[in-house]
Amino acid sequence: MQISVTVNGTTHTDDVEPRTLLVHYVRENLGLTGTNVGCDTSSCGACTLHLNGEAVKSCTILAVQADGQDIATIESLAAADGTLHPMQQAFMENHGLQCGYCTPGMVMASIGLLNENPNPTEEEVRYGLEGNLCRCTGYHNIVKSVLAAAATAGSK
Amino acid sequence: MIPAAFDYKRAGSAAEAISLVGEYGEDAKFIAGGHSLLPLMKLRLAQPSVLIDIGRLSDLSYITDAGDHIAIGALTRHMDVEKSAVLAEHVPLLANAAGYVGDAQVRHRGTIGGSIAHADPASDLPATTLALGATYVVQGPGGTREIAAKDFYLGFLESALAPDEILTEIRVPKMGGAGWNFQKFNRRAQDWAIVGVAAWRDGTRSGVGLVNMGSVPILATQVSDAIAAGASIEDAAQLAAADAEPQADLNASVEYRTHLAQTLVRRALAASTR
Numbered sequence: 001m002q003i004s005v006t007v008n009g010t011t012h013t014d015d016v017e018p019r020t021l022l023v024h025y026v027r028e029n030l031g032l033t034g035t036n037v038g039c040d041t042s043s044c045g046a047c048t049l050h051l052n053g054e055a056v057k058s059c060t061i062l063a064v065q066a067d068g069q070d071i072a073t074i075e076s077l078a079a080a081d082g083t084l085h086p087m088q089q090a091f092m093e094n095h096g097l098q099c100g101y102c103t104p105g106m107v108m109a110s111i112g113l114l115n116e117n118p119n120p121t122e123e124e125v126r127y128g129l130e131g132n133l134c135r136c137t138g139y140h141n142i143v144k145s146v147l148a149a150a151a152t153a154g155s156k
Numbered sequence: 001m002i003p004a005a006f007d008y009k010r011a012g013s014a015a016e017a018i019s020l021v022g023e024y025g026e027d028a029k030f031i032a033g034g035h036s037l038l039p040l041m042k043l044r045l046a047q048p049s050v051l052i053d054i055g056r057l058s059d060l061s062y063i064t065d066a067g068d069h070i071a072i073g074a075l076t077r078h079m080d081v082e083k084s085a086v087l088a089e090h091v092p093l094l095a096n097a098a099g100y101v102g103d104a105q106v107r108h109r110g111t112i113g114g115s116i117a118h119a120d121p122a123s124d125l126p127a128t129t130l131a132l133g134a135t136y137v138v139q140g141p142g143g144t145r146e147i148a149a150k151d152f153y154l155g156f157l158e159s160a161l162a163p164d165e166i167l168t169e170i171r172v173p174k175m176g177g178a179g180w181n182f183q184k185f186n187r188r189a190q191d192w193a194i195v196g197v198a199a200w201r202d203g204t205r206s207g208v209g210l211v212n213m214g215s216v217p218i219l220a221t222q223v224s225d226a227i228a229a230g231a232s233i234e235d236a237a238q239l240a241a242a243d244a245e246p247q248a249d250l251n252a253s254v255e256y257r258t259h260l261a262q263t264l265v266r267r268a269l270a271a272s273t274r
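Those protein sequence lines, which keep their order, are chains V and W. Sequential numbering of the first sequence, starting at 1, is according to this note's numbering. Sequential numbering of the second sequence, starting at 1, is according to this note's numbering.
Any given hint could turn out to be false.
No farther apart than 30 Å at their CA atoms in a straight line, the calculated lysine-lysine pairs in the DSSO-like style are these [claimed, not checked]:
(1) 83/W <-> 144/V
(2) 9/W <-> 42/W
(3) 184/W <-> 144/V
It should be emphasised that the hints constitute simulated quantities derived from the structure, not laboratory data. Remember, it's a predicted structure, so these values are computed and weren't measured experimentally.
Next up, chain W with everything else stripped away, as it sits in the complex (with noise of 0.2 Å):
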C-alpha cells in the first residue's frame, strides 16, 4: 500500500517546523518515527498534503533529571524510554511500559512525543503518563505553554494540541518508593492492548491509567479515591471501569472489557502494593 502523494519538507529545528506548518496550513502534518502517521496514510484514513518531518531534531531527544521530575524529549525513541537508566531508577513504570509497545523493529523508530501528540487510546503511554500525573509542553508560534496531561487528551485521535503546535517534552514526576505495575491484555504479542493498565501505589496515594478503555485514555480516579478511602484492592478494582466508556469491537464486548479492566486493575494494584 503507498501513501497518497504529498510534499515532503524536513525542519532543522522546532521553531523552523511551527513556522512550516504555519505556511502550509492545516492539511499539513508533523511526522516523527512514522509509526502512528504512516501506517494511516497507507490506509488513506490520513491524507496530508505536507509532512513536515521532525524526526531529526535530535536536540529533543533526551531524558533529564530534573529535580522533582524526569524531563523526556518528545523524539526520545520507545528503545531508549525503555532502556533508560535515568528512568529505571526515577520512573520505572513508564520505561517498562515503553518496552511492551509494537515490537523491537516499532520501538526503534517510535518516539514518545508522537504516541502522545496522536492520543491514540488503544496506546499504551498517553495512559501510563496520563497515570502518573505528567505534564506536557508544546511549543507554537507564541510561546511555550504546559497541559497537563489530564487535560491533554479530547477525544479519539484527538488532543488540546492546536494544529501549529508540537509536543517538546513530557515531564513526568519522580515515583519515589511507589509500588507499579503495568498489565496489557493481547491476543498477540505485538498487538495493541484490548485492554491495558498503567498502575501505582504509595500507601494511600495511587494512579491508575486505563488503555482502550474509551475514546481518550481513562484516568481511573474512582479507584484512586477507594484506594484513599481504605478500601480493599478487590473493592477498589470493582470500580475500574467507572471512569470509562469501553466501546465493543471485533476484539471485545463492552462486558469483556469491563470484566478484563476489573482484573487487570486488581493484578496491577496487587503487584503495586508493598
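So here's chain V without its partners, still in its complex pose (with noise of 0.2 Å):
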C-alpha cells in the first residue's frame, strides 16, 4: 500500500507492507536509526517518537495507520549545526544517560511530556514517563534533566 507521511519536515511516498511496523519503516526505509526497538511490546518507550506533536510508541502503530500524518523523530531536535534541543543539552548537562539505548525514546517522551505540562513537578514527571523504562536505572538524572530542561524553557 502506497503512504505518504512527512518525516522532520520532509515529506515521503513509499510502498509499504500494511504489516510494516511505524518504527521498521522509519529505521528501515528512511534510514532514521536514532529510534530503537527495545522491548517491542510497548511497554519500554525505547521506540517513542512524536505523531502530530504527541509521544507515541513506534511499534505498537503501523506504518498505514500513519499515512497522511506528521511524524518527528529524535533526528528532527538538534540544529544542522550541532546546536542541541535543550531537551539534549538537559539530559547531558545533568547526566540523564548512561548507556544510552533508552535515551532517544526519553528525551521524545520528555518533549511530548513538556509540550502538554511545562511546568511538571518532579511528580508528574515520573507519573509522564512511566511508559519509558531505563534498565540502568538512572531514573533520578533522567527526572533531573526534565526539570532543569523545564526550568531553562521557563526563564526565557
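Grab the two chains, each in its own frame, and use the hints to assemble them into the complex.
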C-alpha cells in the first residue's frame, strides 16, 4: 500500500506492506536509526517518537496508520550546526543517560510531556515518563534533566 | 516482531466499516488505536486476514453532556477521557481511571471503545464503566442497539458485540455528589492491574467494579448489597471476591488476588465515603 508521511519536515511516499510497523518504516525505509526498538511490546518506550506532536510508541503503530500524518524523530531535534535541543542539552548536563539506549525515547517522551505540561512537578515527571524504562536505572538524573529543561524553558 | 500478513482497509464512516466487515467476514477485525490488537497480532495470538481501520472516524471522538448522562464517542482516546473537563465534573471516576491505563504514549493512541470492545478483564475501563452502570451503543447492519455494561461481557475477550457490529458510544450516568475512588495494584507503573477496583458511593447506593478478578470484569454486587443493608465498610469489603472467580497466574495466586480485592475494596469504599 502506498503511504505518504511527513517525517522531520520532509514528505516521503513509499510502498509498504500493511504489516510494516512504523518503527521499522522509520528505521529501515528512511534510515533514521535514532529511534530504537527495545522490548517490541509497547512497554519500554525506546521507540517513542512524535505523531502529530504527541509522544507515541512506534512499535505498536502500523506505518499505514500514519499515512498522511506528521512524524518527528530524535533526528529532528539538534540544529544543522550541531546545537542541541534544550532537552538534549539538559540530559547531557545532568547525566541523564548512561548506556544511552533508552535516551532517544526518553528525550522524545520528555519533550512531549513538557508540551502538555510546561511546569511539571517531580511527581508529574515520574508519572509522565512511566512508559519509558531505563535498564541502567538512571531515573533520578533523567527526572532531574526534565525538570532542568522545564526550568530553562520557563526562564526564557 | 512482525504480525502475519493481512489486507488493510480504511473506513471513512461507521456504515462503511460495517459494510466492509460484511464483505470480508469473520476473519476481518476492526482496528482503532490498535494498542490491544497489535500486541496480540505481533505475538500471532490474533491473525486477522483483513484489518478494517476505524481510527479515523473522528466523528466518533467526543464527550458530550447529554442531560442525565455523559455520551462518549467510542473513538475517544484515553488521554482525552483523562483530561476531559466535562468528565471531571460529572464522572470523575472515569476520568481518573483513564489516567491509569498504560502510560502517556499508550493513552495517546488507545481508545475507550477499543478497550471495551476488546473485553479484557484486566483492563481498567471495562470494570470502571461496569461499576458506573454504563450503557454501550452498538451499530450493525440492521441499525443501532443498546447493551447494558452488565450484559456485555460474556467471557475472556468475548463480548455481546456481533462480528459485524461496531461500538459507537458509551453512555455513563452522571455521578451527582457520589464519592469515588480507583485503586490499581501492580508491580510496575504501567502494567495491567494484578487487581484493580473502581468504586463509588452515595449514602446507601454504591457500585464496585473489579479488574482482573475473573474471565470478565466483575460487578461486586454483594458488596453493594451489604452497603445498602447498612454493613460497615470492613464487613462489606470481606465480600469483595464473592461475585468473582479469580484465576492464578505468574503474578498472583487465587488467595492473594482474593486478599487484594478485599483490601482494595475496603480502601476504595473508605475513600468514597463522605
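Tested hints:
This hinted pair checks out: residue 83/W and residue 144/V have alpha carbons roughly 26 Å apart, not beyond 30 Å. Pair hint residue 9/W plus residue 42/W holds up; C-alpha atoms about 19 Å apart against a cutoff of 30 Å. With a C-alpha separation of about 27 Å, the suggested pair residue 184/W and residue 144/V falls inside the 30 Å cut-off, and the hint holds.
Checked against the numbered hints above, the structure violates none of them.
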